[in-house]
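Residues per chain, in single letters:
Number of protein chains: 4
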Amino acid sequence: MPLPQTNFSPPFNITRASHIVLGVRDLKVSRTFYTEVIGLVVTYETDDDLYLRGVEESCHHSLILHKTSGQPVCEAVGYRVFQDTDLDCAEAYFKSAGIETCWIERPYQGRTLALRDAVRIPIEFCATMPRLPRLHDKPHLQRGAAALRYDHVQCLAPDVAEAGRFYTDLGFRVSDYFVDRPDDEEPLGMFMFRKNNPHDIVFITRPGPQMHHFGYVVGDVQHLFRALDTAGAIGFENSLERGPGRHGQGHAFYVYFRDPDGHRVEILPPPIQMIDLDDEPARWHSGNRFTWDLPPPKKWLHEATPFKDTPVREPKVEIKLYSLEEHLSGSK
Amino acid sequence: MPLPQTNFSPPFNITRASHIVLGVRDLKVSRTFYTEVIGLVVTYETDDDLYLRGVEESCHHSLILHKTSGQPVCEAVGYRVFQDTDLDCAEAYFKSAGIETCWIERPYQGRTLALRDAVRIPIEFCATMPRLPRLHDKPHLQRGAAALRYDHVQCLAPDVAEAGRFYTDLGFRVSDYFVDRPDDEEPLGMFMFRKNNPHDIVFITRPGPQMHHFGYVVGDVQHLFRALDTAGAIGFENSLERGPGRHGQGHAFYVYFRDPDGHRVEILPPPIQMIDLDDEPARWHSGNRFTWDLPPPKKWLHEATPFKDTPVREPKVEIKLYSLEEHLSGSK
Amino acid sequence: MPLPQTNFSPPFNITRASHIVLGVRDLKVSRTFYTEVIGLVVTYETDDDLYLRGVEESCHHSLILHKTSGQPVCEAVGYRVFQDTDLDCAEAYFKSAGIETCWIERPYQGRTLALRDAVRIPIEFCATMPRLPRLHDKPHLQRGAAALRYDHVQCLAPDVAEAGRFYTDLGFRVSDYFVDRPDDEEPLGMFMFRKNNPHDIVFITRPGPQMHHFGYVVGDVQHLFRALDTAGAIGFENSLERGPGRHGQGHAFYVYFRDPDGHRVEILPPPIQMIDLDDEPARWHSGNRFTWDLPPPKKWLHEATPFKDTPVREPKVEIKLYSLEEHLSGSK
Amino acid sequence: MPLPQTNFSPPFNITRASHIVLGVRDLKVSRTFYTEVIGLVVTYETDDDLYLRGVEESCHHSLILHKTSGQPVCEAVGYRVFQDTDLDCAEAYFKSAGIETCWIERPYQGRTLALRDAVRIPIEFCATMPRLPRLHDKPHLQRGAAALRYDHVQCLAPDVAEAGRFYTDLGFRVSDYFVDRPDDEEPLGMFMFRKNNPHDIVFITRPGPQMHHFGYVVGDVQHLFRALDTAGAIGFENSLERGPGRHGQGHAFYVYFRDPDGHRVEILPPPIQMIDLDDEPARWHSGNRFTWDLPPPKKWLHEATPFKDTPVREPKVEIKLYSLEEHLSGSK
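Chains as they are written, first to last, in my numbering: chain D, 1 to 332; chain H, 1 to 332; chain F, 1 to 332; chain B, 1 to 332.
Keep in mind that the hints were calculated from the coordinates and are not lab data. Wrong hints could be hidden among the right ones.
Stated by the list, open to error - Okay, derived cross-link-like pairs now, EDC-like style, lysine to aspartate or glutamate, Cα gap no bigger than 20 angstroms in a straight line:
1. B:298 - B:325
2. F:28 - F:237
3. F:298 - H:241
4. B:138 - F:237
5. B:298 - D:326
Said to hold, decoys possible - A few chain D residues that face chain F, going by a derived Cβ cut-off under 7 angstroms, partial list only:
6. 67
7. 70
8. 140
All figures in this text were calculated on a predicted structure; none of them were measured in a lab. Glycine included, C-beta positions come from ideal geometry on N, C-alpha and C.
Kindly produce the complete structure, drawing on both the sequences and the hints.
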């Protein structure tokens, strides 16, 4: 299946990746990790829930942690629409497409429309949240990476093109995609965006759907090290999984952590801006990627967070992944 | 006059501030300043013209320098529209509004529609430029500030609300504005945006229209100093006018240079992201601004670049400006 | 008088500028300034005294603040000697030189020998302090500039060569000095060092002796802005006096603050290393200084902290100083 | 064997690690690597030799590359003494100790005394080099990491205590050492210094002597990434071996490269200052190290550059080393 094409007159106006909802087993230890290492700020908290936002965010939350006694799953992936009326357009659109939706209650969030996307990822849309003061220029209130703002989510999908077409139909553009061999058509990884940078959601081919990681933008590379030094100093010395490194597409630098429940969170300095229609999807394959950094370890390649009540399917295409383990053993 | 209100169903889709066209007296010295200090890359060059872009930009140019034997003026301020058809919608819109337009030829730029805005600033719209490789991750090809991308232009206007309403009618939103006294209505400065940050065009009340400065985003605060050290080392030791400092609105840090013709150029690390409708215009006055930095020198307050063939009118409102000179003399 | 010559077989081994003792009127506000903006750590505290150290320092203190109801003066400038026996050699040396010394008690400091140098600055020497853990790699315990370590003190002196010869006799080397006109002999400013960078003590010609400023090294230029943003956010928005800028000798970047009592404190990223004997004193004059930054304001040029019970003499040589005020008014 | 004790009245005054001499097979490719990635500056060059210095260095060279057709070895490790007369004291001292010395000719270096240390490492001492302008504040002349200055060399030694005692007898102090188990006496790694930071020479227990790596100080963490991005962009994408990371002792961050001949070079931001006698040797073992970073790959642990004409002996103590490979496979 070839690369899906963007619908430039989408049925409603999605503006950006907005938030993510995760289950965690111990709210207290997760709170310490996300406030002290990643540097998020708590905006609402009960015995069972924790709402956090990045220090630059004026919206109420971008990360919701729910206490769970079961397996820690990803409960929902959230997007913002521009105006409240966009939600009604969304409901009508999905109805006409035969996709079931429901209105859910989410504290400190305006009307919220929930549904499952084409690969059964639970997603939700809202238009408003209470507004809070930005704290990006208040270093005395910042901790660790002082994560500025939620940026994107990366998911594993059994069929990347199928997963992606759901979003291109909603107006998402493809910034980059990769194929296995230089003359392949089938996209095996796709970076998709609505806001002015290369990624709001990313899909890569693997058993799925699963939540691979979500990413927060930090101020600069110094903040990658502030997070790492803090992690080492306060008991999260095993949380670094990969990095610091530079993404193969050149978008940004990165560090990947595993949080206390194994959820993977990325921090990255501001990525490139992407707006113009001239910026057609870039096509990557094994022959044209920029690769000073070491390959990812096997667990980065294969481990991920399940979505709530969501069976995992085997991928349509099997590809050979090159791991750090193979790199170290000298096998190419 | 109160703050103009954004038209959320604009007649065509402007995506961002795109480029600026300046007259300079000595192309060679300007070339050195913009490539070595600001760090732009030359993409096209004749005996009379120089086209430059930031290292992250995939578009052909964001700064055009024209050799002039007369006074160095600003010839045009450019904006991008999303699709080529937006240009036709623009033409129709301005025609119906009684505003004269013309199609002009600009090398390495698609169809270009030129006109004057409500305060007689010469502006132009285009949808496409040839695409070139981004160089943001190639430090061996970078110089000075390694300016990433063109960000915004700030203009002086005799009537800020009048100037601004032209743009709110085109869908620009107001991120911030300032008034003289806490209970005033009249906006004396307005930051307006289309892309996902607080400024594509800024107006402040003064004799105008004049071009006060244009700004490029740089990677981080280190790059402010790389520019300054380079300026000092290669003969532009008098080019620093103001900074490094932090903007009163907290958007970003800044350094202001005067180029060899006196045109003012700002470099700034990535500013905050602004997308959500919740982010209503912030209102600033003398009582609520964040001010660790020193006030601007008188020449920053009063000197600017004229627009080509454009008479300057006195401002509608006279306000008291607080200068570095007054700060140093101890008068408040 | 020409540049004094270093005694390479000094009578005892001074290793570095070590600490400074200042009077302050309100310990609480000074505590906030030095811990939150400069980022020092409190190691000992009573109702009348505050002992602080930089986050990289393993020594007990480098700044002592004494509560005073009178004029806030500088009570002493401290140096470290290498071994305890160096103190006895020092006592013998000063006795033979006809300089009065006394042993004083200073909490959390080994034996301490106090005296006045050639221009009547109260100085003291000690060999030991209790050792505490370094915190430079613990960002979760850091604030503001997270000042790493005390670096140097700059004093005004009526006769720079006379002031300096006292220290060259003790083994200090001159890294840089400046003269008025290119062919002058008389040093009007001298940077002197024992440790491996260009400055432990600096003298410049003015009415003196007075304490002009003391300096702490910070991690990098980011930390200059962390200090400034913090100052602006917590009520010290008027504490910035000069900078950020680059020193004319190229040693380092700088920011100068005035603390709540008017004492001037500099923060600077790590300066250059200076060890080899090949590095003969560099000679600066108006014709060879590197000057992208703006000249200092008059108060930086003329205001300073008196030393306790120490009359101020007029300088031997009157020189013309170029101020920011003159720069802004266009007079050279 | 317990930790060797520093002789505080050494026979002559060594000031710092000064330079290193390496054989390389292709001068042109090595030149590109060291000038473009590491950012050294060429100061002298023939068909067979390349002399380079860091951008902050005023000395003529700190790295000498010799073209070789054989195995690329380390030919010599150089130290600076303070004064020329120190060289005569050195000669007399080694003679009395029964250690053979000779005076060698090394272009652009004063009198040079060569010998082998206690573990047969070829070392040399000199007091002077021609002085050249520092370029640390000239970003327009800098490339890649813009390495500021040579900092230290790390060697593998079959008997760390024996290797180290040679240097403690010459006045080197131990900043840190590590032992296998918490109650061990035998040092298995020793960081030793003369200048004001923790390392001029480091020994670790392995088959030796071999040259493990040499290190250059860079301005800040940004420069780690400038080097890496440059390496990736110009054909050295496989040169990264380890990092970016933070040293277990907390001294500094690091990146380790393998140069085109496999010589290992480290770049590190400015490490901590170490001067006072209070800073007694810190003792590290498996139970008290700071470890957010991943363990080193096996090749970092076991591969090194041989010294010229120098047989390698098996280590006195065999220790278990924990590698990245074991970490990834989950074995502790």
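Could you work out which earlier hints the structure fails to respect and list their numbers in ascending sequence? Structure breaks hints 4, 6 and 7.
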